[in-house]
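Novice: Going down the list, the sequences are from chains A and B.
For the first sequence, counting from 1, position 45 maps to 45 in the numbering used here; every step adds exactly one.
Take the position in the second sequence, starting the count at 1, then add 309; the result is the number in the numbering used here.
Since the hints were derived computationally from the structure, they do not count as laboratory data.
Among the clues, some could well be false.
Straight line, CA to CA, 20 Å or less: simulated EDC-like cross-link-like pairs of lysine to aspartate or glutamate [stated by the list, open to error]:
1) 427/B with 249/A
2) 320/B with 83/A
3) 514/B with 425/B
4) 320/B with 107/A
5) 138/A with 204/A
6) 304/A with 283/A
7) 141/A with 387/B
Model, not experiment: these values are computed from the prediction.
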Amino acid sequence: MESIVAEGLTKRFNGFTAVDSLSFKVEQGEIFGLLGPNGAGKTTTIRMLASLIQPTEGDAYVGGFSVRDDALRVREIIGILTENPSLYERLSALENLEFFARAYGVDDSQTRDARIRELLEFFDLWDRRGDRAGTFSKGMKQKLALARALVHQPSTLYLDEPTSGLDPKSAKDIRDLMERLSQREGQTILLSTHRLEDAERLCDRVMIINRGGAVSVASPRELRQRATGAHVVKVGLRELAEPFSRAAEVAEGVKALDIRDGALHVTMADEGYTPGLVRSIVDAGGSVMYVVPLEVSLEEAYLKVIGGE
Amino acid sequence: MRWSKAVLVFKKDVGEVARNWEVMAPMIILPVILTVLIPVIVTLVPDSVNGPNNANLVDSMLPNLPAAVKEMLSAFPEGLQMTYIMLVYFFAPFFLIIPLMVAGVIASDSFAGEKERKTIEALLAAPFTDGELLIGKILASFAPAMGATLISFTLYTVMVDALTVRRFGFLLLPNLTWVVMILFLAPAASLLGIGATVIISSRVKGFREAQQLSALLVVPVLALLIGQAVGFLIMGPVTLVVLTVLVLVVDAALFGVGVSLFNRERILSQGH
């Protein structure tokens, strides 16, 4: 089932096109990454999907509700972590969460109190619940803002740089939480981030946008493969002898072979030819110690996509 | 329009304001000056009202007073006439500054301040309608402003009566003029402060800028003060009702513009 459907989403500000005919679908329970350089249109896209601003053209449906026509319903079912924590710094952590829980319709006080306690304990903020948010560190504010986004158990989450400002342990906790929310609780997560390692680890698919338009939509692995251009494997042998390299060279599907760093670097039409390659070397008497697929990192793939656009 | 949501915004804003000394300080200092210092100085420091300059004030204001008041005052010496004119007429317009200024300061914090502190995006992303947000924020400015006005008026009345009853033999306040001013013109003035600040806040980036501009709203009140001092007009019940109607017309115009400016897209696009 689709959680988010964008159809030709376009936004213009005084003649400047910030988002240009963006169309994509996000399945329920999917973590969908939004990648792109500063000013690419990520924040504007999220704002349109949150019914904060109206699209100039096109429409999007979140949980089946139109961001144009059912703005209030869209806002009810989403949780959003904005670029800034947007906390009321003169109010305590508890007051911040209580206000937003009520705003999102968590009216039963027992349910509300239990949910707030659960979140504050998860984020290690329970002991500081009575303290003003303004006295918190950057990381604590980010955690409290994330708790606020989750307080009404939304079916769809928009997270803008959720691990920004967090120490490594807290960042890992947040990544684990996102995985849990997606896999166990079926929450859909739209993740806008500059941390490509987060996107690589968490996202089922990513969309790279630049100058308001979608450049590429694929899984991180597909993106890396596309950037590599072919399937390359590094084959380590117990003994690197000419008959073995010749056997590799003539194996089905092999397009090129290179000997580097004491190993064979074999370029193939696709990864399906890997078993045949190994068999050919073994038949020639070689002992294969390891086969490692060589792909560019998501960062390299991203830079290639953005640079080549 | 769900009132429970508007009340939620109202309570949140009041909770925030109550912890902001930049907002609370003028809300406390001005009423204390008006309700305690002025009556004490006017009644207990005779030279403050009996100077040669103030004799001109009596000359200019006395002829315009209602006939019954003039007749009543004629039984008192000039010093007490001056005290009466000062406490009952001259300082009355100052009590319009309280609802105007308090509403303006709180509205500056609520509208421009929230934008400046970057808390507005999470609020706008929450499931409130524009109307619920606007009503909640207007109430958060209006209620404390009127609360401060009513408390100040009560304190001023008690102070004035306590300090003058033995010399006059009757209670100076409350009278019809003051009741009309506090119950009708003050709320209209408070709405004027809020409506103007909503518009100002949509044009400026921060709380202080909005506060400074909204402070200009006291100029018409000063005009009223000077108008009385030079004998141009005297604040009586009829004059105040007419003024209330005029201010309400201006309020309606300001709120018409303010409502059209208060939409999510405009607010967010100005923050960046």
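Novice: Let me make sure I understand: some of the numbered hints might not hold for this structure. Which ones are they, in numerical order?
Specialist: 1, 2, 5, 6, 7
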